[in-house]
Amino acid sequence: MSVRNAVARVRPHGPGSARARGTPASIGAPGSLLAASVTAAALALLLLADAARTWVLVAVMVLLCLAALAVLGWGVSRAVRRARRPVERIDGELAALEDCDVSRRVTVPSADEGAERLASRVNGLLDRVEDAALRRRAFIADASHELRTPITGLRTRIELALGAPEDGDAADTLRDSLRDVERLHLIVEDLLVLARLDSGDTPAREPLDIGALVEAEVGRRSAPVPTTVKAEQGLLVGADRPRLCRVLLNVLANAERHAATLIEVEVRGEPGEAVVEVRDDGPGIPPADRDRVFERFTRLDSARSRADGGSGLGLAIARELAVAHGGRLYVADGHGTRLVLRLPLVDSR
Numbered sequence: 001m002s003v004r005n006a007v008a009r010v011r012p013h014g015p016g017s018a019r020a021r022g023t024p025a026s027i028g029a030p031g032s033l034l035a036a037s038v039t040a041a042a043l044a045l046l047l048l049a050d051a052a053r054t055w056v057l058v059a060v061m062v063l064l065c066l067a068a069l070a071v072l073g074w075g076v077s078r079a080v081r082r083a084r085r086p087v088e089r090i091d092g093e094l095a096a097l098e099d100c101d102v103s104r105r106v107t108v109p110s111a112d113e114g115a116e117r118l119a120s121r122v123n124g125l126l127d128r129v130e131d132a133a134l135r136r137r138a139f140i141a142d143a144s145h146e147l148r149t150p151i152t153g154l155r156t157r158i159e160l161a162l163g164a165p166e167d168g169d170a171a172d173t174l175r176d177s178l179r180d181v182e183r184l185h186l187i188v189e190d191l192l193v194l195a196r197l198d199s200g201d202t203p204a205r206e207p208l209d210i211g212a213l214v215e216a217e218v219g220r221r222s223a224p225v226p227t228t229v230k231a232e233q234g235l236l237v238g239a240d241r242p243r244l245c246r247v248l249l250n251v252l253a254n255a256e257r258h259a260a261t262l263i264e265v266e267v268r269g270e271p272g273e274a275v276v277e278v279r280d281d282g283p284g285i286p287p288a289d290r291d292r293v294f295e296r297f298t299r300l301d302s303a304r305s306r307a308d309g310g311s312g313l314g315l316a317i318a319r320e321l322a323v324a325h326g327g328r329l330y331v332a333d334g335h336g337t338r339l340v341l342r343l344p345l346v347d348s349r
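Under my numbering, the sequence shown has 274 at position 274, and the numbering climbs by one with no breaks.
By construction, these hints were calculated from the structure, which means they are not laboratory data. One should not assume that every hint holds.
[Claimed, not checked] Label pairs and their in silico Cβ distance ranges:
| no. | residue 1 | residue 2 | range |
| --- | --- | --- | --- |
| 1 | Leu262 | Asp347 | 33 to 41 Å |
| 2 | Gly326 | Ala164 | 52 to 60 Å |
| 3 | Val188 | Leu160 | 20 to 28 Å |
| 4 | Ala170 | Arg268 | 49 to 57 Å |
| 5 | Ala260 | Arg155 | 30 to 38 Å |
| 6 | Gly234 | Arg148 | 46 to 54 Å |
Every residue, glycine too, gets a C-beta built ideally from N, C-alpha and C.
Kindly generate the complete structure, drawing on both the sequences and the hints.
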């Protein structure tokens, strides 16, 4: 977003702006003057006119009233045109936005409070639309880059194998190609999960024992380092089982990639919450990067993450799934990396 276009053109104003006060004044001043003139003329004619010629008084009064109505109508029409001018300007600027240039903003008039509120709300909406468009473009660019890397490797291996079949081992080529295909499969799965989350998909939830679920997930994995589990049983959370399993899988996978000798998993209950901690003794995450690691396609060490299969989407998906369940996922202080998942408890009755 350019700074020039993003700055809202808001002008300070007092409790009542000059034009807002001038609009009723432009109607009230001529109306009051005409009413006083008609009343004075009527009194003068009543005192001076011949009683036998009452029709003259009536005729003069009618003419004066018509003149008063004409002037009053002109004042009302002029006031309405002045009041509509800011709205018409906003409408014209909105029509100019039909070319999908969401970086432009409408002018915020300072003379009409109603039009100013309308323009400010339109600019706020355009801010959100532009932010969504920028995020979408960045996401598409990042996804394209992530998909291009394994596709390029797969194509190169196949071309080399076809160009010189006697120079390489077909089994090695197939194994390397299978790794690229598996990486592509994981990236596509992650993108589909994010697409469902972005669409607001909210599947039905059921009470789940988070301690038993964590033990089951850890038991199914073959971690490269020893993993210890200390899980309190009977802690029920309302969750969609596949999605909550995905949160645990992504958090455990992150620990397995970076742990040096040990991974510790703990599940405990706190007032109103179930807490899942996954700790590893790896290099840890610097405090300045503890929020950034939850952004999509973020890697603190991109070369190492690509080599061991990370797509930069795992923790982003885990946090969004945690938030969708009414919980939180964050990096806490401690030796190595300490990821903490908090989910609200539900009543077992």
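Outcome of the hint check:
Roughly 36 Å separates the CB atoms of Leu262 and Asp347, a value that falls within the hinted 33 to 41 Å. Restraint check, Gly326 to Ala164: a C-beta distance of roughly 57 Å satisfies the suggested window 52 to 60 Å. For the hinted restraint 20 to 28 Å between Val188 and Leu160, the CB-CB distance of approximately 25 Å keeps it satisfied. Judged by the Cβ atoms, the range 49 to 57 Å given for Ala170 and Arg268 holds: they are separated by roughly 52 Å.
The beta-carbon spacing between Ala260 and Arg155, approximately 36 Å, falls within the hinted interval of 30 to 38 Å. Between Gly234 and Arg148 the beta carbon distance is about 48 Å. The supplied range of 46 to 54 Å therefore holds.
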